[in-house]
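Chains as they are written, first to last, in our numbering: chain A, 231 to 464; chain B, 230 to 517.
Misleading hints may appear alongside valid ones.
As the list claims (entries may be wrong) - Listed next, with one range per pair, are the computed distances between beta-carbon atoms:
id, chain 1, residue 1, chain 2, residue 2, range
1, B, Val320, A, Pro352, 46 to 52 Å
2, A, Arg358, B, Phe338, 46 to 52 Å
3, B, Met506, A, Arg358, 35 to 41 Å
4, B, Ile326, A, Arg458, 37 to 43 Å
5, B, Val320, A, Gly242, 18 to 24 Å
6, A, Ser289, B, Phe338, 45 to 51 Å
7, A, Trp293, B, Gly322, 29 to 35 Å
8, A, Asn314, B, Ile368, 40 to 46 Å
Said to hold, decoys possible - Result set (SDA-like, lysine to any residue): computed pairs, CA atoms no more than 20 Å apart in a straight line:
id, chain 1, residue 1, chain 2, residue 2
9, A, Lys355, B, Leu514
10, B, Lys352, A, Leu406
11, B, Lys352, A, Lys355
12, B, Lys391, A, Lys384
13, A, Lys320, B, Leu514
14, A, Lys320, B, Thr393
15, B, Lys391, A, Glu253
16, B, Lys391, A, Thr271
17, B, Lys391, A, Tyr340
18, B, Lys391, A, Asn423
19, B, Lys391, A, Ala338
20, A, Lys384, A, Glu253
21, A, Lys320, B, Gly407
22, A, Lys320, B, Ile363
23, B, Lys352, A, Tyr340
To be verified - Far from chain A, by Cβ distances over 10 Å, these chain B residues were calculated:
id, residue
24, Leu296
25, Gly322
26, Phe337
27, Leu411
28, Gly413
29, Gln511
Derived from the structure by calculation, the hints contain no laboratory data. Just so it is clear, the structure is predicted and the values come from calculations on it, not from any experiment. All C-beta atoms in this analysis are idealised placements derived from N, C-alpha and C, irrespective of residue type, glycine included.
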Amino acid sequence: MLRLENVSAGYGSFQALFDVSLEVNGGESVAVIGPNGAGKTTLLRVISKLLPASAGTVSMEGWPLNDVPAHQVIARGIAQVPENRRLFPKLTVEENLKMGGFLAAARARYAERLEFVYSLFPRMKERRAQAAGTLSGGEQQMCAIGRALMSGPKLLLLDEPSAGLAPVVVQAIFGLIRRICAEGYTVLIVEQNIRQVLKVVDRAYLLETGRIKTSGAAATLLASDEIRKAYLGL
Amino acid sequence: MQIFDSFLLEAVINGILLGGILALLALGLNLIFGVIDVVWICYAELIMIGMYSVYYAHNVYHWPLALAFLACVLLVAALGALLHVLVIRPVLGAEPINQLLVTGGVLFFLQAVATLAFGVEFKNVGVSLPALQIAGMYISFARLIAFGVALGGMVALYLFLKRTYIGTAIRAISQDRGIMPLMGVSPNRIFVLTSAIGGALAGLAACLLVLQYDIHPAIGLSFGPITFMVCVLGGLGNMVGGFIAAFIFAQFISVGGYFLALEWGYVLAFLFFIGMMFWRPQGILGGK
Numbered sequence: 231m232l233r234l235e236n237v238s239a240g241y242g243s244f245q246a247l248f249d250v251s252l253e254v255n256g257g258e259s260v261a262v263i264g265p266n267g268a269g270k271t272t273l274l275r276v277i278s279k280l281l282p283a284s285a286g287t288v289s290m291e292g293w294p295l296n297d298v299p300a301h302q303v304i305a306r307g308i309a310q311v312p313e314n315r316r317l318f319p320k321l322t323v324e325e326n327l328k329m330g331g332f333l334a335a336a337r338a339r340y341a342e343r344l345e346f347v348y349s350l351f352p353r354m355k356e357r358r359a360q361a362a363g364t365l366s367g368g369e370q371q372m373c374a375i376g377r378a379l380m381s382g383p384k385l386l387l388l389d390e391p392s393a394g395l396a397p398v399v400v401q402a403i404f405g406l407i408r409r410i411c412a413e414g415y416t417v418l419i420v421e422q423n424i425r426q427v428l429k430v431v432d433r434a435y436l437l438e439t440g441r442i443k444t445s446g447a448a449a450t451l452l453a454s455d456e457i458r459k460a461y462l463g464l
Numbered sequence: 230m231q232i233f234d235s236f237l238l239e240a241v242i243n244g245i246l247l248g249g250i251l252a253l254l255a256l257g258l259n260l261i262f263g264v265i266d267v268v269w270i271c272y273a274e275l276i277m278i279g280m281y282s283v284y285y286a287h288n289v290y291h292w293p294l295a296l297a298f299l300a301c302v303l304l305v306a307a308l309g310a311l312l313h314v315l316v317i318r319p320v321l322g323a324e325p326i327n328q329l330l331v332t333g334g335v336l337f338f339l340q341a342v343a344t345l346a347f348g349v350e351f352k353n354v355g356v357s358l359p360a361l362q363i364a365g366m367y368i369s370f371a372r373l374i375a376f377g378v379a380l381g382g383m384v385a386l387y388l389f390l391k392r393t394y395i396g397t398a399i400r401a402i403s404q405d406r407g408i409m410p411l412m413g414v415s416p417n418r419i420f421v422l423t424s425a426i427g428g429a430l431a432g433l434a435a436c437l438l439v440l441q442y443d444i445h446p447a448i449g450l451s452f453g454p455i456t457f458m459v460c461v462l463g464g465l466g467n468m469v470g471g472f473i474a475a476f477i478f479a480q481f482i483s484v485g486g487y488f489l490a491l492e493w494g495y496v497l498a499f500l501f502f503i504g505m506m507f508w509r510p511q512g513i514l515g516g517k
């Protein structure tokens, strides 16, 4: 479904990604894991066209995204939950969700999708009239995921969903992500919390200093010496 | 002499009516600042162009007044969008002082163009509306209409911002510009649209002011500064604050003018403004 071929990108003279190639198939959940500063967020920014790639191709369902402006990427079926949630703090929960379904095609199915998001996150329904800035961290993450789901995406990009959350909340969020995968969504998740994320996804890529170091089935990586020694401290 | 005479009541009512138009003036400026984070120093000059457009359409080309008003609103809306595309967009990332200077430049440019094109003599659309006499008080009918239309315009804008997708996007973009593309929204288009709405509000104000004032190239100076003061007093970018501030200011001018002389009303209002700036520099409802 999503394919990156030899993608390089950076900020000014600083290059953050070198020749990254990866693939996400329909129905799959894939993680890109790696330490802080490896280029994980940059990778998602390139896919969403918020940052132009300096070389290489990103394509969605066989169509290259090279000439697609950032605001039309979502129309190709790619929705992103950005790093640190980035909710609109003064808008209500429901208004945030409404913004996620801004596209004309999504507006027609607003009621139906709102119902779906509320069934996934009943807490959001309770808090729908509340300003998003007043939610707890875990609730904000739910709202941000719900906002991305409102566009009815084929591919959901999640940027560090566990960042800044208490361990108990992290557990709950990963439980929800597992449920979203079970609903049939294709998910690409970028995460530092390697142990947790490898229990949720099917496959993973290890990104280090902007390069793909290794990849494989999540269970294999979780058991590999390379990951266990360097990242899990075992 | 009674303590609460009908002249005082008349001054209070006139103040409320003046407050309505001041609130409308402040609304467009606050919308632009709140969403785009740029101050249109030349806002009142857009209104001046709008007033001339009504004069030329109605008095020179003999269009019906309603059609001239409609044309004025559309023209100034287009000017607002044009101002954004030609002047604001290139300096969006620049220092605030540069943004102020460039719109300040547009102010002098528009004044000069108006002087060359329309001359310096005062023009009047010649529509004189009667003063209503109610219980011994004289209430300007033009002001009453202005008040009603200003209030209607504000309610319409409020509903638009609150109820529609585009309106919600306009409020959202002022909170987080960077992620709007992830929602499928082009920030660029929202900015142009917001500028057009700001322009349309200026055009609406022009239609109302043309019923009360003569038109000349420097007319913007007689309500531009006060509009900025209303915005700053309410909290720049805060539309509710601007609304409240407009009515406070108008009461100072109107009631102050009743007790002393009309000019003293303005002096009192400005003194109040200066005092408030020491006490609450962020404005009545401003944030930081």
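Going down the list of hints, with the structure as the test:
1. B/Val320 x A/Pro352: 46 to 52 Å: Holds, at about 47 Å.
2. A/Arg358 x B/Phe338: 46 to 52 Å: Cβ of A/Arg358 to Cβ of B/Phe338: about 48 Å, so the range 46 to 52 Å holds.
3. B/Met506 x A/Arg358: 35 to 41 Å: 39 Å, holds
4. B/Ile326 x A/Arg458: 37 to 43 Å: 56 Å, violated
5. B/Val320 x A/Gly242: 18 to 24 Å: 21 Å, holds
6. A/Ser289 x B/Phe338: 45 to 51 Å: 48 Å, holds
7. A/Trp293 x B/Gly322: 29 to 35 Å: 32 Å, holds
8. A/Asn314 x B/Ile368: 40 to 46 Å: 55 Å, violated
9. A/Lys355 x B/Leu514: Cα-Cα ~30 Å, so violated.
10. B/Lys352 x A/Leu406: 68 Å, violated
11. B/Lys352 x A/Lys355: Outside the cut-off at roughly 59 Å; violated.
12. B/Lys391 x A/Lys384: Violated, because 30 Å separates the two Cα atoms, which is more than 20 Å.
13. A/Lys320 x B/Leu514: 15 Å, holds
14. A/Lys320 x B/Thr393: Satisfied, since the Cα-Cα distance of roughly 16 Å is no more than 20 Å.
15. B/Lys391 x A/Glu253: Given pair B/Lys391, A/Glu253 is violated - Cα atoms ~41 Å apart, limit 20 Å.
16. B/Lys391 x A/Thr271: Distance of about 33 Å is beyond 20 Å: violated.
17. B/Lys391 x A/Tyr340: Between B/Lys391 and A/Tyr340 the Cα gap is close to 17 Å, so the pair holds against 20 Å.
18. B/Lys391 x A/Asn423: 39 Å, violated
19. B/Lys391 x A/Ala338: Roughly 19 Å between the alpha carbons, so the hint for B/Lys391 and A/Ala338 holds.
20. A/Lys384 x A/Glu253: 14 Å, holds
21. A/Lys320 x B/Gly407: Holds. A/Lys320 to B/Gly407 sits at ~16 Å (cutoff 20 Å).
22. A/Lys320 x B/Ile363: This hinted pair is violated, its Cα atoms lying about 45 Å apart.
23. B/Lys352 x A/Tyr340: Given that 20 Å is the threshold and the Cα spacing comes to 53 Å, the pair is violated.
24. Leu296: Fine: 33 Å to the nearest Cβ keeps B/Leu296 off the interface.
25. Gly322: 15 Å, holds
26. Phe337: Holds, since 36 Å exceeds 10 Å.
27. Leu411: Contrary to the label, B/Leu411 does not stay out of reach of chain A, its closest Cβ about 5 Å off (not over 10 Å).
28. Gly413: 4 Å, violated
29. Gln511: Non-interface label stands for B/Gln511: nearest chain A Cβ at 17 Å, farther than 10 Å.
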